[in-house]
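Listed here are the chains, written in short residue letters.
Number of protein chains: 2
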Amino acid sequence: MTDLTSRAASPTLDEVAVLAGVSRATVSRVVNDSPKVSPEARQAVLSAVAELRYVPNRMARSLVTRRTDTVALVLNEPNTQVFSDPFFASIVRGVSATLADTDLNLVLLTAQDEREQQKIGRYARQGHVDGVILMSVHSDDPLPDILEEAGIPLVLCGRPFDDRAVAFVDADNRGGAQEAAAHLAAAGRRRIATITGPLDMIAGVDRLAGYQAGLQAAGLEVCSDLVAEGDFTEVGGARAMAELLDRAPDLDAVFVASDPMAVGALRALREAGRRVPEDVAVVGFDDAAIAERCDPPLTTIAQPLTDMTPLLTELLLRQIEGVGGPAESRVCRTHLVRRASA
Amino acid sequence: MTDLTSRAASPTLDEVAVLAGVSRATVSRVVNDSPKVSPEARQAVLSAVAELRYVPNRMARSLVTRRTDTVALVLNEPNTQVFSDPFFASIVRGVSATLADTDLNLVLLTAQDEREQQKIGRYARQGHVDGVILMSVHSDDPLPDILEEAGIPLVLCGRPFDDRAVAFVDADNRGGAQEAAAHLAAAGRRRIATITGPLDMIAGVDRLAGYQAGLQAAGLEVCSDLVAEGDFTEVGGARAMAELLDRAPDLDAVFVASDPMAVGALRALREAGRRVPEDVAVVGFDDAAIAERCDPPLTTIAQPLTDMTPLLTELLLRQIEGVGGPAESRVCRTHLVRRASA
DNA sequence: CACGGCCGTGAGAGCGTTCTCACGCCCCCG
DNA sequence: CGGGGGCGTGAGAACGCTCTCACGGCCGTG
Numbered sequence: 001m002t003d004l005t006s007r008a009a010s011p012t013l014d015e016v017a018v019l020a021g022v023s024r025a026t027v028s029r030v031v032n033d034s035p036k037v038s039p040e041a042r043q044a045v046l047s048a049v050a051e052l053r054y055v056p057n058r059m060a061r062s063l064v065t066r067r068t069d070t071v072a073l074v075l076n077e078p079n080t081q082v083f084s085d086p087f088f089a090s091i092v093r094g095v096s097a098t099l100a101d102t103d104l105n106l107v108l109l110t111a112q113d114e115r116e117q118q119k120i121g122r123y124a125r126q127g128h129v130d131g132v133i134l135m136s137v138h139s140d141d142p143l144p145d146i147l148e149e150a151g152i153p154l155v156l157c158g159r160p161f162d163d164r165a166v167a168f169v170d171a172d173n174r175g176g177a178q179e180a181a182a183h184l185a186a187a188g189r190r191r192i193a194t195i196t197g198p199l200d201m202i203a204g205v206d207r208l209a210g211y212q213a214g215l216q217a218a219g220l221e222v223c224s225d226l227v228a229e230g231d232f233t234e235v236g237g238a239r240a241m242a243e244l245l246d247r248a249p250d251l252d253a254v255f256v257a258s259d260p261m262a263v264g265a266l267r268a269l270r271e272a273g274r275r276v277p278e279d280v281a282v283v284g285f286d287d288a289a290i291a292e293r294c295d296p297p298l299t300t301i302a303q304p305l306t307d308m309t310p311l312l313t314e315l316l317l318r319q320i321e322g323v324g325g326p327a328e329s330r331v332c333r334t335h336l337v338r339r340a341s342a
Numbered sequence: 001m002t003d004l005t006s007r008a009a010s011p012t013l014d015e016v017a018v019l020a021g022v023s024r025a026t027v028s029r030v031v032n033d034s035p036k037v038s039p040e041a042r043q044a045v046l047s048a049v050a051e052l053r054y055v056p057n058r059m060a061r062s063l064v065t066r067r068t069d070t071v072a073l074v075l076n077e078p079n080t081q082v083f084s085d086p087f088f089a090s091i092v093r094g095v096s097a098t099l100a101d102t103d104l105n106l107v108l109l110t111a112q113d114e115r116e117q118q119k120i121g122r123y124a125r126q127g128h129v130d131g132v133i134l135m136s137v138h139s140d141d142p143l144p145d146i147l148e149e150a151g152i153p154l155v156l157c158g159r160p161f162d163d164r165a166v167a168f169v170d171a172d173n174r175g176g177a178q179e180a181a182a183h184l185a186a187a188g189r190r191r192i193a194t195i196t197g198p199l200d201m202i203a204g205v206d207r208l209a210g211y212q213a214g215l216q217a218a219g220l221e222v223c224s225d226l227v228a229e230g231d232f233t234e235v236g237g238a239r240a241m242a243e244l245l246d247r248a249p250d251l252d253a254v255f256v257a258s259d260p261m262a263v264g265a266l267r268a269l270r271e272a273g274r275r276v277p278e279d280v281a282v283v284g285f286d287d288a289a290i291a292e293r294c295d296p297p298l299t300t301i302a303q304p305l306t307d308m309t310p311l312l313t314e315l316l317l318r319q320i321e322g323v324g325g326p327a328e329s330r331v332c333r334t335h336l337v338r339r340a341s342a
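Here the protein sequences come in this chain order: A and B.
Heads up, the first sequence is in this note's numbering, so the first residue is 1 and it goes up one at a time.
Heads up, the second sequence is in this note's numbering, so the first residue is 1 and it goes up one at a time.
No lab work stands behind these hints, which were simulated from the structure alone.
From a predicted model like this one, the values you see are computed outputs, not experimental measurements.
Zero decoy hints are in this set.
Stretch by stretch, here's where chain A covers chain B in the computed footprint (C-beta under 8 Å, at least three residues): (1) 85-92; (2) 109-120.
Facing chain B, from chain A, some residues (calculated, C-beta under 10 Å): (3) Arg-66; (4) Leu-75; (5) Phe-83; (6) Ala-100; (7) Asp-113; (8) Arg-125.
Note that the Cβ used here is the ideal one computed from N, Cα and C, for glycine as well.
All chains, please: the whole structure from these sequences, using the hints.
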């Protein structure tokens with residue numbers, strides 16, 4: 001009977017109601033699992049739903065509930081190279097897995113430049129999402145302000161630059177970096193260099209600060225020609241390493257603020273004929289999968305991603321539920337993973 | 001006057017209309033850039049919009065227009081490792097850039113398993129998106145069927161397994177692989193192996209077929225112990241290379257179906273003490289950024305990504321506009337990039 | 001000077017939901 | 001046997017927008 005060839009408009013609640021011989025309200029109740037429906041009515045509705053292949057129209061529903069059951073994970077990163085950083089993949093995977101058990105949808109939004117950030121801001125303000133997890137925040141990003149002002153639930157992955165009252169989840173970047181520096185110093189290294197992350201990102205700043213604190217605690221001088229800024233990419237790491245070797249040929253160790261950069265540094269060291277760890281000890285940061293496989297395997301600071309991603313979503317959900325209270329935040333401990341490079 | 005502390009509900013068209021002293025319809029016209037508005041009215045509305053910081057509610061709009069101005073790019077990939085494949089990053093970046101000039105929003109959706117695929121299918125059927133670009137299609141993926149049946153505009157990145165009438169954009173994987181094999185044969189290699197992609201993906205199948213065709217055209221025997229299946233990851237490539245060296249120690253060349261796998265293969269060859277290209281010539285596929293940097297720099301088959309991503313979006317938009325006609329598809333030519341590895 | 005046409009405008013219906021009521025029904029208790 | 005109290009149900013009003021249609025004012029033309 002049904003015309004299977006024509007592209008039928010999706011059925012509405014009304015049509016289901018008519019077919020099931022009940023009212024729209026009852027269908028709505030069944031669809032939303034309300035308990036106040038008789039078994040017979042429920043059954044009639046369910047078969048009507050199945051027969052018509054009814055799917056609720058979310059726009060209509062959202063219009064009245066003011067909920068979209070969708071949260072966004074924003075990858076706020078102009079550097080495409082970084083987009084393929086395993087760190088992102090891990091976070092995405094973790095958040096996605098946490099949300100899989102709920103009936104919330106996850107969408108990923110990427111912004112390469114300020115124009116796209118504005119677009120994302122608009123997207124959020126238009127009511128497409130219930131909340132936002134924001135990754136890779138740079139010092140001049142407008143997005144946190146836009147979202148905060150619009151009153152959209154927000155959790156940052158990484159603490160904000162200022163002391164604003166916004167929820168965030170972060171690794172103890174400072175502590176981790178300090179431990180890395182301490183480890184190198186304890187091994188007898190005296191000319192310990194560092195390749196930092198981008199210094200417009202808090203992770204870059206904090207890991208640099210931790211490195212400096214570690215040197216000072218070990219009684220070593222903090223010396224600016226032992227510091228080179230990287231960009232969290234492998235290419236950037238190699239470039240920075242070459243620069244350091246040029247500026248400070250006598251360096252005997254380097255703390256690299258991310259594993260992809262450390263891989264690049266390893267390559268640059270090999271090309272310069274330095275042995276790792278004999279001539280130069282290397283410690284990375286992240287404990288990415290590649291740290292285990294590179295040559296030599298990389299000693300690194302592990303971030304507790306398995307703790308961080310559930311926290312990220314939990315904090316966001318709590319804000320969405322609107323249990324009020326101040327924005328909660330969490331800092332997760334890191335730990336040193338010893339391999340061959342240091 | 002305005003209470004800045006309370007979380008004011010976002011203003012509606014009505015409130016703007018009242019403030020501007022016009023009707024709701026006129027405000028709507030201004031917001032939607034209709035020409036039939038007098039300059040005075042337009043000005044009044046614009047200042048009211050600015051004053052109230054009015055942002056249209058997309059749910060309400062979509063409810064009547066049946067358009068969301070959002071398209072989804074689905075990364076349909078269970079293997080997290082692959083998610084950080086630069087190929088994905090390039091496609092995402094390209095599509096995103098193409099869409100940046102339009103007023104369409106792009107959301108990324110990822111599916112690790114069938115459950116998440118179903119969730120994405122539901123998401124799309126509920127009317128969240130106007131169309132879908134589907135990447136990384138495996139042979140048993142339910143998503144193409146779900147979306148097609150729901151009548152949602154769809155473009156595949158990579159041709160489908162069967163000859164279904166669905167739009168797609170693909171590289172000439174077969175032709176590219178054949179050229180790679182021909183190149184190796186022309187260089188006098190006689191025992192040419194291959195590391196394939198996953199054979200439940202069409203790119204894996206087609207590149208294998210091209211390799212076989214290339215060998216046959218060169219009068220070489222196609223031999224099953226020269227074929228190992230990889231998974232498009234670096235680790236998988238290394239494993240497959242080790243397997244090949246074990247099975248066929250006399251191989252003198254290998255065509256690797258993706259650059260990340262080729263990097264792994266290079267590593268495995270080095271560990272086995274084989275020189276590249278002297279002992280074993282290597283050709284990759286993709287021309288990813290890493291191909292230039294690895295040791296030795298990788299000869300590879302370049303995919304015309306700069307052509308493919310605009311096509312992908314163009315084909316989708318055409319479907320969304322509904323100009324009817326049969327689903328159009330395109331296959332883009334590849335070309336060999338010669339570097340040191342072969 | 002009358003009349004048709006165009007242009008800017010507003011009233012109002014509708015998009016597909018949810019949700020608040022109010023209304024019967026049946027059961028239980030007094 | 002009568003009255004209260006669930007409990008399942010349905011009618012109808014929102015939600016914030018778009019869009020059709022009709023209307024008044026102005027012009028140009030006959």
